[in-house]
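Asker: Sequence:
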Amino acid sequence: MTAEAYDVVARGQFQSTSLFARVKAIAGAGIGNVLEWYDFTVYAYLASVLGTKFFVAGDENTALLATFAVFGVGFVARPLGGLLIGLFGDKYGRKPALLLTFLMIACSTGLIGVLPTYASIGIAAPILLVVARLMQGLSAGGEWGGAASFLVEWAPAHRRGLYGSLHPCAITLGLLLGSGVTGVLTTTLGSAVMADWGWRIPFLIGALIGPLGFYVRRNVDETPIFKRAQQEPEAAEMENFSMSRAMLLAFAFPAVQSVVTYVFVSYFPTFAQKYAGLSPSAALWSTAIATLVMGLSCLASGWISDKTGRRLNMIAACGLLIFLSYPLLSVALAATSIWTVILTQSVFTAFCGLFLGSMPAALVEMFPTKRRLTGLTTAYNLQSMMFGGFAPFIASWLITRTGTPISLSYFIIFSAVVSGLALLLMAETAKEQLA
Numbered sequence: 016m017t018a019e020a021y022d023v024v025a026r027g028q029f030q031s032t033s034l035f036a037r038v039k040a041i042a043g044a045g046i047g048n049v050l051e052w053y054d055f056t057v058y059a060y061l062a063s064v065l066g067t068k069f070f071v072a073g074d075e076n077t078a079l080l081a082t083f084a085v086f087g088v089g090f091v092a093r094p095l096g097g098l099l100i101g102l103f104g105d106k107y108g109r110k111p112a113l114l115l116t117f118l119m120i121a122c123s124t125g126l127i128g129v130l131p132t133y134a135s136i137g138i139a140a141p142i143l144l145v146v147a148r149l150m151q152g153l154s155a156g157g158e159w160g161g162a163a164s165f166l167v168e169w170a171p172a173h174r175r176g177l178y179g180s181l182h183p184c185a186i187t188l189g190l191l192l193g194s195g196v197t198g199v200l201t202t203t204l205g206s207a208v209m210a211d212w213g214w215r216i217p218f219l220i221g222a223l224i225g226p227l228g229f230y231v232r233r234n235v236d237e238t239p240i241f242k243r244a245q246q247e248p249e250a251a252e253m254e255n256f257s258m259s260r261a262m263l264l265a266f267a268f269p270a271v272q273s274v275v276t277y278v279f280v281s282y283f284p285t286f287a288q289k290y291a292g293l294s295p296s297a298a299l300w301s302t303a304i305a306t307l308v309m310g311l312s313c314l315a316s317g318w319i320s321d322k323t324g325r326r327l328n329m330i331a332a333c334g335l336l337i338f339l340s341y342p343l344l345s346v347a348l349a350a351t352s353i354w355t356v357i358l359t360q361s362v363f364t365a366f367c368g369l370f371l372g373s374m375p376a377a378l379v380e381m382f383p384t385k386r387r388l389t390g391l392t393t394a395y396n397l398q399s400m401m402f403g404g405f406a407p408f409i410a411s412w413l414i415t416r417t418g419t420p421i422s423l424s425y426f427i428i429f430s431a432v433v434s435g436l437a438l439l440l441m442a443e444t445a446k447e448q449l450a
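The letter at position 107 of the sequence shown is residue 122 when you use the working numbering, and the numbering goes up by one with no holes.
No lab work stands behind these hints, which were simulated from the structure alone. Any given hint might turn out to be false.
30 Å max Cα-Cα, derived DSS-like pairs, lysine-lysine [to be verified]:
1. Lys289 x Lys446
2. Lys242 x Lys385
3. Lys385 x Lys39
4. Lys446 x Lys39
5. Lys446 x Lys322
6. Lys106 x Lys289
7. Lys385 x Lys289
8. Lys242 x Lys39
9. Lys446 x Lys385
10. Lys106 x Lys242
11. Lys289 x Lys39
12. Lys322 x Lys242
13. Lys106 x Lys39
14. Lys446 x Lys106
Each pair of labels, with its calculated beta carbon distance range [what the hints assert, rightly or not]:
15. Val208 x Lys322: 34 to 44 Å
16. Gly334 x Ala42: 12 to 22 Å
17. Phe338 x Arg233: 29 to 39 Å
18. Gly198 x Glu447: 23 to 33 Å
19. Val38 x Ser259: 32 to 42 Å
20. Glu447 x Gly87: 18 to 28 Å
21. Thr202 x Glu443: 41 to 51 Å
We put the beta carbon where it would ideally sit given N, CA and C, even for glycine.
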């Protein structure tokens, strides 16, 4: 399609969909992402408390490891959830799939908040915690790709990048909300009360979001793209579409954002305390600021990608991370001021946002509508499990193995190379119609 023809189609789509319908679609997609990542943050921040409540008392380190092992169960379940919910969403629609994932997230979050402890019911307590995490993992596997597809399919053709970037923006909001609620409760109630019963409150707050989120999603219309696809035969050009190639690229090219996100949002508070000398509160403040920077960078990237294309932003982010990871991390490790650490961490997350803001639209545009959710969610969640779920472990292992914290940069550089090579094999899709 020529640029002129693309603009005509894009403007026509923009005018044919009401503003109110698009706002409802954005709200419906966003609220699930907020809750998913709110729960992710709350669980991670309360891991030490949960370890004492759901596992055998005595060895604090063993209990903490067990808590994070249960945390990892959610990541292992994501690819299966992505496949199952993807198949469901491609057959019955994006809206039913998102209603299902939201109910699962809300119920499992609330379940953790009311679970009896090990002292009350013994071994049944950690088993029920595993069940809740499995449910969260299955739902999260469908939520990411479902929400991304929903947003981009609702977007006018010339705004798909911007709409897609709202997806990671909602994620950053969930991260900030989770850390904020946990921090305020810890400060207000005190550590002793949080360890006794206060840890339940953040999970119950998450469950209370459930009715509101379900109402919002229940009253959102199905995407026009999906409705059209159900009424039309598959386009002729899709006969040459290779699902395996698209899934391989969708697995490989997002690698760097998974590594950088999980390293600099989940692992970096521990890293900064241990190797940069930050206090726990300073490390969390640094991460909160860096997370906000990432969200703003995502929004800018999505907007720019509608004008310059998806690949340019993502390749630029890979190049910046390849060449600047080592010197930036060196500056952070040698820092004598918290502001230096905040600045370097924020630069990393800004680079990640440059990549992440363009990524949802690029992923959605890789697959035809009738097979989009299955391909996208399965491939993305496999890489998220491998590159993201194991990122803190790999980072810790590298530092222990090499004896120097600067080796963290090698992991980032490796992931940027993987993503960069995959991007070079991809076609630009920003100006193409969704098939």
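Asker: Between the beta carbons of Gly334 and Ala42, is the distance compatible with 12 to 22 Å?
Answerer: violated, 35 Å
Asker: Measuring from beta carbon to beta carbon, are Val38 and Ser259 in 32 to 42 Å?
Answerer: Given a distance of about 37 Å, which is inside 32 to 42 Å, the answer is holds.
Asker: Given the proposed pairing of Lys106 with Lys242, does the C-alpha separation stay at or below 30 Å?
Answerer: holds, 11 Å
Asker: Just to be careful, I want the Cα atoms of Lys289 and Lys39 compared with a cutoff of 30 Å; is the pair within it?
Answerer: violated, 44 Å
Asker: If I claimed the Cβ atoms of Gly198 and Glu447 lie 23 to 33 Å apart, would that claim hold in this structure?
Answerer: Hint violated: Cβ distance 44 Å, outside 23 to 33 Å.
Asker: For the pair supplied as a hint, Lys446 and Lys39, is the alpha-carbon distance within the 30 Å limit?
Answerer: holds, 25 Å
Asker: For the pair supplied as a hint, Lys106 and Lys39, confirm whether the alpha-carbon distance does not exceed 30 Å.
Answerer: holds, 23 Å
Asker: Holds or violated: Lys322 and Lys242, Cα atoms, limit 30 Å.
Answerer: holds, 27 Å
Asker: Would the pair Lys385 and Lys39 pass a check requiring their Cα atoms to be no farther apart than 30 Å?
Answerer: Since the Cα atoms of Lys385 and Lys39 sit roughly 23 Å apart, the hinted pair holds (cutoff 30 Å).
Asker: Given the hinted pair Lys106 and Lys289, is their alpha-carbon gap at most 30 Å?
Answerer: violated, 49 Å
Asker: Taking the CB of Phe338 and the CB of Arg233, does the distance hold inside 29 to 39 Å?
Answerer: violated, 48 Å
Asker: Could you say whether the range 18 to 28 Å given as a hint is met by the Cβ separation of Glu447 and Gly87?
Answerer: Between Glu447 and Gly87, where Cβ atoms are some 38 Å apart, the hint is violated.
In the structure shown, a violation is registered for the earlier hints numbered 1, 6, 7, 11, 15, 16, 17, 18 and 20, in ascending order.
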